[in-house]
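Enquirer: When you get a sec, could you build the whole thing from the sequences and use the hints?
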Amino acid sequence: MKLTLDQIQAQNTSLSADHTRSFEFLAESLDKKGNNVEELISKIQALQIAIPSWALGTGGTRFGRFSGGGEPATLIQKIQDVGILHALNQSSNAVSLHIPWDIPSDYQAIKDSASEVGIGFDAVNSNTFQDQADQTHSYKFGSLANSDAAVRELAVEHNKQVIEIGEKLGSKALTVWLADGSSFPGQHSLRKALENTHLSLQEIYKVVPEDWKLLIEYKPYEPNFYSTVIQDWGTSFLLANKLGKKAYTLVDLGHHLPNTNIEQIVATLMTEGKLGGFHFNDSKYGDDDLTVGSVKPYQLFLIFQELVKGFSETNNPPLSWMIDASHNLKDPMEDLIQSVQAIKLAYAQALLVDSKNLEAAQEVHDVAAAQEILQDAYRTDLRPLLAEAMRRSGGAIDPIKAFRSLKVRETLIEERGLKSIASGL
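The sequence shown runs -14 to 410 under this note's numbering.
No wet-lab data here; the hints were simulated from the structure. Careful, some of the hints might be misleading.
Computed list of lysine-lysine pairs in DSSO-like fashion (alpha-carbon distance at most 30 angstroms, straight line) [to be verified]:
1) K28 x K17
2) K259 x K28
3) K(-13) x K145
4) K145 x K28
5) K259 x K269
6) K259 x K281
7) K17 x K294
8) K259 x K153
9) K96 x K28
10) K18 x K28
11) K230 x K177
12) K269 x K230
Per label pair, the in silico range of CB-to-CB distance [said to hold, decoys possible]:
13) A94 x D116: 27 to 35 angstroms
14) V280 x D91: 39 to 47 angstroms
15) D91 x E23: 40 to 48 angstroms
16) K191 x K153: 15 to 23 angstroms
17) T59 x A345: 53 to 61 angstroms
18) Y270 x A94: 39 to 47 angstroms
19) E399 x Q356: 48 to 56 angstroms
All values derive from a computational prediction rather than experimental measurement. From the three backbone atoms N, C-alpha and C, an ideal C-beta is built for every residue, glycine too.
Expert: Structure below.
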């Protein structure tokens, strides 16, 4: 299935009058406050959020998985689904592949399919947290951190293969996430596990192309619950610094203990020029992988407020943006649409922050004024601005409504059936 511009514009027709009134009212209000509306729209249009190939199918928990039908069973079908999302929101112009779930059998066919729907290839993701069919050694007790050199070598070679695949597709980054750790005290040497990880990453780093980024992800727990080798941003930052200029820390919003000040982490990493990118989701208790902005929207805004400041005040390089969520209850594509909208909304709100007056309030310790400045931006309803940015780019004024009106899921079920399952799930 492929959505056309004519289909999108037909959906916009019935919403156009109401949208125009809402947008013009907002634009006038923003203009009175000294905001350049056209500049805001341009920046929103430029923000592109990659879609992970594994998020296009129904996720689940260890208790169960409830498929909704019409899932993409092949890599080409996954690419087609990302094309549908991008047609609707004009903000999802890349797919992030997970290897070995998405190893192309015909690279040219895959690139042609992506080109046909106007998307490219974001970071490639390695997988050393699962044993694959006919694997010679097991990752049960770790991969890059394993005490067995043969297991470490297997994991290193897998990451090298992922880089080769990414080069063929035009990707420019490798994301490494490790499940390595321990569930019991004394299970392994905490120091040696970290040393082994560093040595393994060094071998991978040697073959990372000069124009690539090596993104090191971290997580405080799960699947191991006593210790995780790369448990926090500091350990990731330590490894990135030791590896070199191509290595960066990757922040996954769900990979923090409750109440962690993620915006402070962002500020610190950008100051050091070592923030590589984001995996966006939301959480209530841990790595819940919920829809972005569904639980902690104000935190998301504060994170973007630090990002916007960092863009102008630091030399941190451009970031990789991706959603990493699980969809056990919602239609995966609707969930992804909502997540992208939440990210753009938080970014737009952050662009409204009166940074000059905020800095002045901070200098004289006017705490109340600082809060008012931040919350004035956060409480501004910028949904009409987002809709206008999408409309001008050729997207839908209301992507969710268009998705349903065009019967996208019903068509996908008709084409693929109720029993199709996305690879890796």
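Enquirer: Now look at each hint and say whether the structure bears it out.
Expert: Okay, the hints, checked on the actual structure:
Restraint check: the Cα-Cα separation between K28 and K17 comes to about 20 angstroms, which is no more than 30 angstroms; the hinted pair holds. Distance restraint check for K259 and K28: the Cα-Cα separation of roughly 23 angstroms lies within the 30 angstroms cut-off, and the hinted pair is therefore satisfied. In summary, the hint linking K(-13) to K145 is not supported, as the alpha carbons are separated by about 34 angstroms, beyond the 30 angstroms threshold. Taking the CA atoms of K145 and K28, the gap is about 35 angstroms. The hint is violated against a cut of 30 angstroms.
Proposed proximity of K259 and K269 is supported: the alpha carbons are some 27 angstroms apart, at most 30 angstroms. A distance of roughly 25 angstroms separates the Cα atoms of K259 and K281; the hinted pair therefore holds under the 30 angstroms criterion. Proximity of K17 to K294 is assessed by CA-CA distance (about 23 angstroms); at most 30 angstroms being required, the pair is judged to hold. Only pairs whose Cα atoms come within 30 angstroms are accepted, and K259 paired with K153 is accepted, the gap being roughly 26 angstroms.
Taking the CA atoms of K96 and K28, the gap is near 28 angstroms; set against the 30 angstroms cutoff, the hint holds. For the hint linking K18 to K28, the alpha-carbon distance of about 18 angstroms falls within 30 angstroms, and the restraint holds. Restraint check: the Cα-Cα separation between K230 and K177 comes to about 24 angstroms, which is no more than 30 angstroms; the hinted pair holds. Restraint check for K269 and K230: the C-alpha separation of about 34 angstroms exceeds 30 angstroms, so the hint is violated.
Between A94 and D116 the beta carbon distance is about 29 angstroms. The supplied range of 27 to 35 angstroms therefore holds. Checked against the given bound of 39 to 47 angstroms, the beta carbons of V280 and D91, roughly 41 angstroms apart, stay inside it. Under the hint 40 to 48 angstroms, the C-beta atoms of D91 and E23, about 43 angstroms apart, fit the expected range. The hint said 15 to 23 angstroms for the Cβ distance between K191 and K153, and at roughly 19 angstroms that hint holds.
Restraint check, T59 to A345: a C-beta distance of roughly 56 angstroms satisfies the suggested window 53 to 61 angstroms. In this structure, Y270 and A94 meet the distance hint of 39 to 47 angstroms, their C-beta atoms being roughly 42 angstroms apart. Between E399 and Q356 the beta carbon distance is about 52 angstroms. The supplied range of 48 to 56 angstroms therefore holds.
Violated hints, in rising order: 3, 4, 12; the structure is consistent with all others.
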